[in-house]
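Number of protein chains: 2
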Amino acid sequence: MSLQETILEMGKRARAASKELARLTTVQKNAGLLAMADELVSAEPTLLAENARDVEAARASGLSKAMIDRLTLTPARVVSMAEGIRQVATLPDPVGANITQWTRPNGIEISKVRVPIGVIGIIFESRPNVTSDAAVLCTKTGNAVILRGGSEAIHSNLAIAAALAKGAARAGLPADAIQLVPTTDREAVKLLAGMDQFIDVIIPRGGRALIEAVVSAARMPVIKHYNGICAVYVDKAADLAMARNIVINAKTQRPGVCNAIETVLVHSDVAEAFFKDTGAALLEKGVQIRGDARVRELVAAAVPATEEDWNTEFLELILAAKIVNSLDEAIEHIETHGSHHSDAIVTADPVAAEAFLNRVDSATVYWNASTRFTDGGEFGFGAEIGISTDKLHARGPMALEELTTYKYQIRGTGQIRG
Amino acid sequence: MSLQETILEMGKRARAASKELARLTTVQKNAGLLAMADELVSAEPTLLAENARDVEAARASGLSKAMIDRLTLTPARVVSMAEGIRQVATLPDPVGANITQWTRPNGIEISKVRVPIGVIGIIFESRPNVTSDAAVLCTKTGNAVILRGGSEAIHSNLAIAAALAKGAARAGLPADAIQLVPTTDREAVKLLAGMDQFIDVIIPRGGRALIEAVVSAARMPVIKHYNGICAVYVDKAADLAMARNIVINAKTQRPGVCNAIETVLVHSDVAEAFFKDTGAALLEKGVQIRGDARVRELVAAAVPATEEDWNTEFLELILAAKIVNSLDEAIEHIETHGSHHSDAIVTADPVAAEAFLNRVDSATVYWNASTRFTDGGEFGFGAEIGISTDKLHARGPMALEELTTYKYQIRGTGQIRG
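Sequences listed follow chains S and C, in order. Just add 8 to wherever you are in the first sequence, counting from 1, and you've got the numbering used here. Just add 8 to wherever you are in the second sequence, counting from 1, and you've got the numbering used here.
Please note: incorrect hints may appear among the correct ones.
The list cannot tell twin chains apart, which means a pair is met if one copy fits it or any two copies do.
Subject to a maximum C-alpha distance of 25 Å in a straight line, what follows is the list of computed DMTMM-like cross-link-like pairs (lysine to aspartate or glutamate) [said to hold, decoys possible]:
| hint | residue 1 | residue 2 |
| --- | --- | --- |
| 1 | 232 | 409 |
| 2 | 198 | 220 |
| 3 | 120 | 316 |
| 4 | 284 | 28 |
| 5 | 120 | 340 |
| 6 | 232 | 220 |
| 7 | 120 | 101 |
| 8 | 232 | 204 |
| 9 | 293 | 220 |
| 10 | 244 | 300 |
| 11 | 120 | 409 |
| 12 | 20 | 336 |
| 13 | 174 | 324 |
| 14 | 27 | 337 |
| 15 | 232 | 316 |
| 16 | 73 | 285 |
| 17 | 27 | 362 |
| 18 | 120 | 362 |
Derived from the structure by calculation, the hints contain no laboratory data.
Construct all of the structure, not just a fragment, from the sequences and the given hints.
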């Protein structure tokens, strides 16, 4: 079979499986999830053996230590994947909920009901646990999923997907509910993206090149999980001790994630006091400060910020810092250079805060809290498929509800249109 | 300026206008709408003169009478457009509504708030009143809009858009809130579809060629308003008098629209009785019945249905008719051949009805009512931008709420992540 035929066949099977999945009860789906978790644990020897092949290849090709660490499965990580699945089984099932319901003057009763989307394509890089995390959320919401992981984890991903599909089938779920593209050929991404008759939405999780490839080729909606160029604005009315805590937390607690900040904007009225204290604390934490001219006057150790720095997701201990003369200038900077992900204001002034919350066009906007809370778990969603940087369908943390859509069910007694 | 520069400049201006629009109050937006309606009425002589140029060109190029009728503006139609705008001004504004709100154990308060999408691209064919209808719904929801109408209505569309923009500006709304692409060059559609830095979503309204052009080129989400291949299934437990009313209404009340039916499926147990009565009534209404072999045995005047007929949106007085042996067969037919728009079951059996409502994967599914109710007005939305045949973001009738998205606003007291 050609690659094109393989992918088309996967799509066809996924569509058929999605119709079966949509008819399952919550109890049936949860039983499937528990069987998937059990099967993953039983398959541990296989998973570790297959993963060892990937790790060996990664070492041979000179992948970085950090990348190899993300790729490596351990018994503890397998247990943790299985625990993750059991956790999802305990979450409420959004499918079937009546979102709203009303009766028209002619007596027809309209119900807006939550239903699965259908078939979801997930295209991701490196970490094999995404195979399990993503597949499980799709199963819980009655969606069939086609997964396409990074080439460096292909053996691990195939083993995980096979274990999940086996567990699902054992519990009576359709065997094609979870499918993984069995090749690392890049052409597969293009073929998936063109198959809008079988895939309802594609969620790419990865770097710019991956997302660009998907967006360019996709005929169906794409929900991008893109970068986070996030900022904290320290207003003239900020509590500076609070500002210090928030800036240090948002920059240093876990700098490699999308909801960490890359930029701090400080009002000129409080810049000297802020940088005197927080500047030193940041440097002590190993943060490199890249400042504009005024910041460099206040922080001797700061290096010059280039224009490019304002538009960069550093994902490491680097912070671009700028002094602004007004709230408007701060908002303008964020709107121009940020990625509309997560941005915060620190201020004791509710008028400034509300202006910021309303005017900054980001998925998540904060008043007096760290941007690090943009996360399905921190939101209380119990799980997350990622953080959408798109505006349509799902924005910000994306969990079970965001993996559903709706239909209108209308009940009448013979009404016709006049 | 090249076409590319013109389109880019429009995008840039629309983005800037969208930020202003998002900050307007409901009162300000409604004042803008009323000024737009007034301006449209004042501009009547210009509108009619510009429209006459389009109509003349259409006649010269041999456009059909029906097409020319759809294109033609009259004083009454101008008044009706203005009335439509005033009606939208009276509707509730969805922007700013708190969709949900909750507090986390750490004390941060999360609000999911309805906000404008930003910039909406609308690409449509022929009827000039779409220019006004679509622009006005975008303005009401605080979105900037870039319109691209059909070439045959270019002078009418430019005149309408100019009047609306003038009215909007007079009431203090940004002058670039409403822009119309001033050329009929087809390249413009491609340029718009590639401009995802400035346009957040494109809504194409038109035939297959237009939608295909947009979907292939679009980098941003597209909400398709595609065809309606809708069916009524007459179950074995149907009230046949009710079935007759519904089938006749759904087929003949206005055959040229997307929520009219193209197909009737009849359970074999009631086929004879149904066709004896309703077959004759349909023929009397001028409907051509294209039946399978069993239908043709019951309706002498029926012509043979081809395989293609099951997949065709006739938009005229033609009805494909098939006898099925079970509910399952009916659902299978609809899922295979329908366009997932609007489908109905007529039955007195609630079990069959609920199975149909749950298993038919269409935007709107009916039990004992005509499919003709799939309409923003009939739903009570007060207006509609169209009927989405997509599953994501908006499904079925699309009105004001569907022209918005959400953001999360988070209010804290200095919380950081541990």
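Okay, the hints, checked on the actual structure:
For the homomeric pair residue 232 and residue 409, the shortest alpha-carbon distances inside one copy (17 Å) and between copies (23 Å) are both at most 25 Å. Proximity of residue 198 to residue 220 under the C-alpha cut-off of 25 Å is found in both arrangements, the shortest distances being 11 Å within a copy and 18 Å between copies. Taking the closest pair of Cα atoms, residue 120 and residue 316 never come within 25 Å of each other, the shortest separation being 47 Å inside a single copy and 33 Å across copies. Taking CA atoms no more than 25 Å apart as the test, residue 284 paired with residue 28 passes in neither setting, with 62 Å inside one copy and 37 Å between copies.
Taking the shortest Cα distances, residue 120 and residue 340 sit within 25 Å of each other only across copies (23 Å), while inside one copy they are farther apart (39 Å). With identical chains, the CA atoms of residue 232 and residue 220 are at most 25 Å apart both within one copy (10 Å) and between copies (22 Å). Proximity of residue 120 to residue 101 under the C-alpha cut-off of 25 Å is found in both arrangements, the shortest distances being 16 Å within a copy and 20 Å between copies. Taking identical chains as interchangeable, the C-alpha atoms of residue 232 and residue 204 lie at most 25 Å apart whether they share a chain (17 Å) or sit on different chains (13 Å).
In the homo-oligomer, the alpha carbons of residue 293 and residue 220 never lie at most 25 Å apart, since the shortest distance is 35 Å inside one protomer and 54 Å across protomers. In this assembly of identical chains, the alpha carbons of residue 244 and residue 300 lie at most 25 Å apart only when taken from the same copy (18 Å versus 77 Å across copies). Proximity of residue 120 and residue 409 under a CA criterion of 25 Å is satisfied in both settings, with 14 Å inside one chain copy and 14 Å between copies. Only between protomers do residue 20 and residue 336 lie at most 25 Å apart by alpha-carbon distance; the minimum there is 20 Å, versus 52 Å within a single protomer.
Taking the closest pair of Cα atoms, residue 174 and residue 324 never come within 25 Å of each other, the shortest separation being 40 Å inside a single copy and 50 Å across copies. For the homomeric pair residue 27 and residue 337, the shortest alpha-carbon distance between copies (15 Å) is at most 25 Å, but the shortest distance inside one copy (52 Å) is not. Proximity of residue 232 and residue 316 under a CA criterion of 25 Å is satisfied intra-copy only: 23 Å inside one chain copy versus 37 Å between copies. For the identical chains of this complex, residue 73 and residue 285 are neighbours neither inside a copy (35 Å) nor across copies (77 Å), given an alpha-carbon limit of 25 Å.
With identical chains, the CA atoms of residue 27 and residue 362 are at most 25 Å apart between copies only, with a shortest distance of 16 Å across copies and 45 Å within one. For the identical chains of this complex, residue 120 and residue 362 are inter-copy neighbours only, at 14 Å across copies versus 33 Å inside a copy, given an alpha-carbon limit of 25 Å.
Hints 3, 4, 9, 13 and 16, counting from the list given before, are not met by this structure.
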